[in-house]
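Each chain is listed here by its residues.
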Amino acid sequence: MKEYVIETVNLCKKSGEKYRVKDLNLAVPKGATYGFLGPNGAGKTTTMKLMLGLIKPDGGSVEILGKVMKPSTRFMINKRTGSLIESPGFYGHLTGQENLEIIAKYKNLGARDVEEALKTVNLYERKDDKVKKYSLGMKQRLGIAMALMGKPELIILDEPTNGLDPAGINEIRKLIKSIPEKFGSTVIISSHLLSEVEQMADYVGIINKGQMIYEGPLAELERGDATLEEVFLEMTKEA
Amino acid sequence: MNLIKDYSIEINKQKRRKNLLLFIGVVLAEMFFVFGNYSKQRGLEDGWMLMFYNMPIMNSLFLPVVVGGFASRLMDLEHKGDMLKCLYTFTTPARLFFTKYIYGALSILALVVMQCASMVLMMNMLDFPRNFGMTHMLFYGMATFVTCMTLFSIHMILSFFHKNQALGISVGILGSFLGLFSAYLPESVFQKLLPWGTFATSLFIRLDWDRETRESAWILEKFDFSSTLINIGWIAILIIVSLVMLNNTGVEESERREYAKHTGSVRIHRRPVELMKLKGSPAWYAFIIVPVLSAVIGTFNYLGNIEILTDGWYSLWTQHTLFTCYFFMPVIIGIFAGCIWRVEHAGTNMNILMTHETPLRIVLGKFGATCAITSLSILWIAALYLFAGKVVKMEGELPKGLIGWLIMGIVGAWAICAFQIFISLIIRNFIIPVIIAFLGGIAGLGCMAKGFYYLTPYSLFDLAMNQRDYSAEGFCFVFSTALCIALFLVLSIVYLRRHDVRTNE
Chain A
0 MKEYVIETVN LCKKSGEKYR VKDLNLAVPK GATYGFLGPN GAGKTTTMKL
50 MLGLIKPDGG SVEILGKVMK PSTRFMINKR TGSLIESPGF YGHLTGQENL
100 EIIAKYKNLG ARDVEEALKT VNLYERKDDK VKKYSLGMKQ RLGIAMALMG
150 KPELIILDEP TNGLDPAGIN EIRKLIKSIP EKFGSTVIIS SHLLSEVEQM
200 ADYVGIINKG QMIYEGPLAE LERGDATLEE VFLEMTKEA
Chain B
0 MNLIKDYSIE INKQKRRKNL LLFIGVVLAE MFFVFGNYSK QRGLEDGWML
50 MFYNMPIMNS LFLPVVVGGF ASRLMDLEHK GDMLKCLYTF TTPARLFFTK
100 YIYGALSILA LVVMQCASMV LMMNMLDFPR NFGMTHMLFY GMATFVTCMT
150 LFSIHMILSF FHKNQALGIS VGILGSFLGL FSAYLPESVF QKLLPWGTFA
200 TSLFIRLDWD RETRESAWIL EKFDFSSTLI NIGWIAILII VSLVMLNNTG
250 VEESERREYA KHTGSVRIHR RPVELMKLKG SPAWYAFIIV PVLSAVIGTF
300 NYLGNIEILT DGWYSLWTQH TLFTCYFFMP VIIGIFAGCI WRVEHAGTNM
350 NILMTHETPL RIVLGKFGAT CAITSLSILW IAALYLFAGK VVKMEGELPK
400 GLIGWLIMGI VGAWAICAFQ IFISLIIRNF IIPVIIAFLG GIAGLGCMAK
450 GFYYLTPYSL FDLAMNQRDY SAEGFCFVFS TALCIALFLV LSIVYLRRHD
500 VRTNE
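Note that the protein sequences, when read in sequence, are chains A and B. At position 227 of the first sequence (counting the first as 1) the number is 226 in numbering that gives the first Met the number 0, and the numbers step up by one without a gap. At position 307 of the second sequence (counting the first as 1) the number is 306 in numbering that gives the first Met the number 0, and the numbers step up by one without a gap.
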């Protein structure tokens, strides 16, 4: 019996009459690097927000780290997670270091964790600059640093390589690959690029129009003659 | 043709912004005030004069803020979405500016028409005979429109060229205060030169109040066009200034790139998180500067009216706290609460906040920070009061209840803090909660006058500071204040718990 870190049961979220996520059943095995794939607007971010309890489901439930997500358990669960959802959040008038200090205070961490986080994402040299002066890629790194701080059991990263240059993408990719080994955490990364997920994940979920269309080990998806990109396009094409 | 096209684009942009609602709100508020004050004088023969006297006075109080808020809303949507860098590639700054200007002018015209209509409606409701000439209404409408347009021209410059909309609303609030204050000074050219004062200088009704008999009479005077002409001059100057500034504008990088000095090691700041997030925010200074302003005005007011104000130290206290209670304190608390939430409403920061902290602790943190600075500010007011008393060589003893008023005042101010924390949480816009605070301060004054001391957080604060020598009943005060604080904190927590986190709006 596999152990799952996150399980959703018939998860639904509507905006108005339209479903953004519909009857989604998703299961993330413990210790996996789970690639969450889907075209733009498929419901990836919505699902991730539901996982963290940032928005409330209109149906179904989320079980995460062994607990059911609801307003009363949200904080206890989130304390054990690290996340970067949508674009990175930051306090622009503060320096990079000060931003991480705020997170450190919330998580009861110390100066060493701040320093380590800055070095991990290569922002140490720019730690005393205001974040509003950071480039898009640097803000993205800061967001990743916030998610990694404190070595949480579960790390959720929404399109982590957005806005990074090729060298940066490579660097972050290596970093994410090393997380399960270094921290022992489970990682979920969303992306609309299969080629990207392919290099980091060992388990994938593919979502389109709010519904899960494939979930399983990456290796199983790779069977047959078609390339992965073709499989992905075939699965997510307009029905 | 271009003009019509631009104008229709502007209307599309303002879709769903409910801009006119602000104007409808102010017209209703003014009607409410008139009705509340004069409903007992039904059928008054000179009722129409009363109307034409009261409306401009109320306008000098309300309209500077409302026009400022309106101008800010027109521009804020461009700043927020960082649209200017895109817009300047297919239109010129000047075209953009003047399209908004025309949109604003037409909206203000609608405001004036609504207000004139509301006056006729109120005269009907109060059975005032409508024996005034059409010229009176036309003159009133024209003067109001021109004054509003002068203020609008000032605010368009402030809001267009400044990304930070706190500047505009601060000028509006200060202007409203100046306008009302100048209405009670002896009339002079200075007032006519002050655009905020010209609602009152265009009055063609004079109030003749006999101090002995306590009777008032309304006297009809000739129309005075000078204020309007001066205002038209102002508008011309402001348009020229705008044109010059527009000529030199472009999309520049919001901040110069300068690199901070690199520090060697990482050391954690001691400051609490909420205070850290407001590092360098101008909201702090308001709590220090505004009481000084209030104290200076209060002291001069005291010295100017020394023959009526015979209660020594207590009279000085009333003058010092007059503007603080009804005007300044609610507004600066409103601005501070706005700032403390704005850092979270920006971008996706709400995601960070909500994944790291419980709603209870978020709300208590914000509330605590606001209360702390407010309490310090009230102590600062007390210090300034004692200092001013020494400077004017006040004799006699300090009011007995002073310490009690201060303690109750601090607790009463916390009620305002709780309310504003809630309002700024649910309204993600910065300007509207500040306007609510401003109106709240005035509503507090109204509640005090009508005896509903315990009804609003603002009147609780006024009551506590013993501004008018109403002694608060200890139990009622503590009960209402505690209830008010608890209510709005619980509402904030429930809101954070129940509602979906909203980002990037």
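Honestly, the hints are just simulated from the structure, not real lab data. The reader is advised that the hints may include incorrect statements.
Stated by the list, open to error - Keeping only pairs whose Cα atoms sit at most 20 Å apart, straight-line, the calculated SDA-like set for lysine to any residue is: (1) A:K69 <-> B:P358; (2) A:K29 <-> A:G183; (3) A:K21 <-> A:G183; (4) A:K131 <-> B:T347; (5) A:K106 <-> B:N348; (6) B:K4 <-> B:R94.
Computed from a predicted model, the values in this text were never measured in an experiment.
Here is how each hint holds up against the structure:
A hinted pair counts as satisfied when its Cα atoms are at most 20 Å apart, and K69 (chain A) with P358 (chain B) qualifies at roughly 13 Å. Among the hinted pairs, K29 (chain A) with G183 (chain A) is consistent with the structure: their alpha-carbon atoms are about 9 Å apart, no more than 20 Å. Restraint check for K21 (chain A) and G183 (chain A): not satisfied, since their Cα atoms lie roughly 31 Å apart, outside the 20 Å limit. At roughly 14 Å between alpha-carbon atoms, K131 (chain A) and T347 (chain B) fall within 20 Å of each other, so this suggested pair holds.
For a cut-off of 20 Å, the pair hint linking K106 (chain A) to N348 (chain B) stands: about 16 Å separates their Cα positions. For the hint linking K4 (chain B) to R94 (chain B), the alpha-carbon distance of about 11 Å falls within 20 Å, and the restraint holds.
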